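Colleague: Here is how the chains run, residue by residue.
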Amino acid sequence: MVEKKKEQKKICITLNVNGKDYTGEVKPHWTLLQVIRDQLGLTGTKYGCGTGECGACTVIMDGKPMTSCLVLAASAEGKKITTIEGISKDGLHPLQEAFIEEGAIQCGYCTPGMILTAKAFLEKNHHPTEEEVRRAIDGNLCRCTGYVKIVKAILSASKKMKAK
Amino acid sequence: MTHEHSEFTVIGRPLPRKDAMEKATGKALYPTGFQLPGMLHAKILRSPHAHAEILGIDTSKAEKYPGVEAVITYKDIPDKRYGYGLNDQPMLARGKVRYIGEPVAAVAARDLDTAEEALELIEVKYKVLPGMFDLEDAFRSDTPVIIHEDYEKYELQFFPPAKMDAKRPNVANHFIIRKGDVEKGFKEADYVLEGKFKTPRQQHVPMEPHAAMARIENDGSVTVWASSQQPSLLTNQISTLLEIPPSKIRVVVPYLGGGFGNKTQLKAEGVCIALARKTGKPVKCSFTREEVNCGTTSRGGTVSRVKIGVMKDGHIVAMENEILYASGAYSGDGFVYSTRGPFEAAGTYKIPNLKLDSYLVYVNEPVSGAFRGFGNPELNWGIEIMISQAADKIGMDRAKFRRMNLLKEGDESGFGEIMHSLGTDVCFDKTVKELKWNEPLAKGKDKWKRGRGIALGNKYSIAPSASYATVKLHVDGAIEVRVSAIEIGQGSNTILAQFAAEYFGLTLDRIKMVVSDTAVTPFDFGTVSSRITYHVGNAIIKACEGLKKQICELAARKMNVKADDLDVKGGKVFSKHDPSKKIDTQDLFSPTLGMGHIGKYAEIGGELISSATFFSKMGKMDPATNQLLNKHDKSCSFWMEIANGAIVDVDIETGEVRLRKFINACDVGQCINPLLVEGQLDGGGVGMGLGLGMWEEMIFKDGKIMNSNFVDYKLPRAADLPAVDDTVSIIVETPHREGPYGAKGIGEATMICTPAAVADAIHDATGVWMTELPMTSEKLYKLLHDK
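Protein chains in written order, with my numbering: chain V, 18 to 181; chain U, 1476 to 2262.
Simulated from the structure, these hints should not be mistaken for lab results.
Keep in mind that a hint or two might mislead.
With a cut-off of at most 25 Å between alpha-carbon atoms, the simulated DSS-like pairs for lysine-lysine come out as follows [what the hints assert, rightly or not]:
| hint | chain 1 | residue 1 | chain 2 | residue 2 |
| --- | --- | --- | --- | --- |
| 1 | U | Lys1911 | U | Lys1868 |
| 2 | U | Lys1502 | V | Lys97 |
| 3 | U | Lys1600 | V | Lys22 |
What the simulated footprint calls covered on chain U by chain V, stretch by stretch (three residues with Cβ under 8 Å from a Cβ of chain V suffice, anywhere in the stretch; the number is not a length) [stated by the list, open to error]:
| hint | segment |
| --- | --- |
| 4 | 1895-1902 |
| 5 | 2184-2198 |
These stretches of chain U come out as covered by chain V in the derived footprint (C-beta under 8 Å, 3 or more residues) [stated by the list, open to error]:
| hint | segment |
| --- | --- |
| 6 | 1486-1495 |
| 7 | 1499-1507 |
| 8 | 1726-1732 |
| 9 | 1745-1752 |
| 10 | 2147-2156 |
Here the structure is a predicted model, which means the values were calculated and not measured.
Even glycine gets a Cβ: it sits at the ideal position worked out from N, Cα and C.
Make a model of the complete structure from these sequences and hints.
Modeller: Structure below.
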């Protein structure tokens, strides 16, 4: 029998995701992305590169956009985590509406990360210029749209959100 | 900027996508998101050598590793190879490895960590061989390294005209065009100019990496959930490699997170099926980003030469092209794109004497595959620069020179066919207007210089090629459309539903799309070559005609009128002579046992369901010249025409280029949905074309990729691109006489001539010609300072 590599012991953690507490066992090296997708079944958060360079796995953690592939699940204990599934409890978020109306969605794989990055940004900056929007989403890659309609959608959502 | 067609109610309207809601809320399911109970996880052991003989593989330790359920190597699968036209690639390396990243063995284990650990226990003994990495050296007749010594034994599939070059052992295909007499043309020409050009290896970077999951059913058949743009080709490859009859293979494709050509052909599916067969359990394999880069396909690099002969009056008399396409270690899609990339030389300008030689050349790098444009942007790059240089040489305005030589309605293409339904001149004129070409441009003071450029291009859509569609009337009056188009982001589920909605006068929500599950949806050539709108759209309309006939025949019996007096619109069947005589389509169905709640049925003829085929034929060509024997036959399904314009600012001290304005005008025939067409223009032009033009290049050293991440492999990001108002996507509509409601395609056309338009603008600003892509600041700096 070939010896199994020294197995890391699982640890018990509680994560607060979209306002709900989830308690379960994770290996210490599991990322927040892995746990959100594979343990919690919230597959709206996407794997794109695993190195924090594409933004597909973006979630909001304590108000800040974070690439969840670079966060160890165990270190996210005690933080408030929001995924794409958690922003439309009372109907669609203005950003989701704007992405649909402006045609900012194509394959849709970058969309959740893009919307969450934009949400965290618009909560801090209510009157963004186009250049500020472009800088805010510079860490989120999209290969379908050339960002044109995404930028338009974020600007249009910011206007809607101001009006509310 | 589309025309308003009052006769259409659904076609031509900017309707939001059918899938937008589930994608915006994160509910949409992609291959990477699949799970089945008891599923095993697979990992692939890949070659660390670019070229080596396999002396032995010992999997015994990995097999005994706790949690491992199966290990496979070439010994566990039939001795078969696959490809697209040329079957040269084994599913798992056999005898030799030919690139770093080639699959050698695969493991299925209870969890991913165990599978990864087990890979390290597989012992492979290699004898390292010298590698061949330089495209031009590999092309030489005296190449020191032969990559496929058994080339002669490989099976060639359908694709004519296969032409090998016995004198060049690394050449996998040679394609020619011979029209007129170029030598005579060059003698007659007032000037003859020549240039040499290079394009890099570019990765598609679909945001979703490839994933597959396979399950063996109780009857031994296989179900595979796949990241596939081409379930038809995939089914055949699985069938060939694993000796499974096609009727026992079911391919299911959900939404894909982008593809751009990267998801044609077999990727993770084969190992999943082989491991599922060995273990009896479902197996899933998801690629990491690094595996996408080294273990799938990319756009191969090229070296091309363009020679052009012009008269002082501005006419082009002759053009000669030679292009070498780096195939990577296997032919991938290259066997076909080395015959189809050359279409670029044939479909934009009137060139009476044309000679072209295209070669597919093996090198010890990852396999090259289909990539938006299929070999055309690479050839366009050199041609467009030489067109500008020729204009400069005779002292004619570059735009005027292009306009003068454009192929027009009724002119002959480079394949000798009579061209029709072309919107080239409109694309061109709109781009020129948007650039304010005829007004002087302020060139800028001090170190920032401004320049303005234009380029033209074309993209064919492949023939021969077929699509099927099935349409069905439901008891509630909704229409179901079954097709095998893949919703890869382009919006096929929406625009294909628009065809059926338009035909039956229904709203889009009354169309139910059932797509891409080979157990229930019909054959399709594939979601490639910008062909879905045209081919599947035509098939749907034909199927709708059949369904309408069935509806009218059944209604005629119920209404006591003649079937040919009836029409169907908006959920009603009505008399053409007396529209007050009508019934609901729902009333065609009768309740069983008089009670509707058990269900309703059509009394005669079974389900109201109709299927149709649409096939695009390619005309016969003379194999010695590749000229069509009949000028009214077609070399392809349809031609798309494009004009791009660019305005740049260049820092002549540092070589930094800032794109100020970008114009992308494409002729799409009748536009089906402007929101989606604009999405293609934006994404193809600034998203991907500028990437190829300015930044993207996979860098290899001795066959090993040096920039397999998104910091070192530079993709266009939001802050790099011109402002929304300076990104001008222009939809040109020249209805195609054979297109569904006049539509043709768009996807690939959008990036064909983008790099050349930028190069033209950089030259206008600086007087320097860039000839190698990408046009980095570093390269421009060197050119500016060596001048």
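Colleague: Hint by hint, work out which the structure violates, then give me just those numbers in ascending order.
Modeller: 4 and 9
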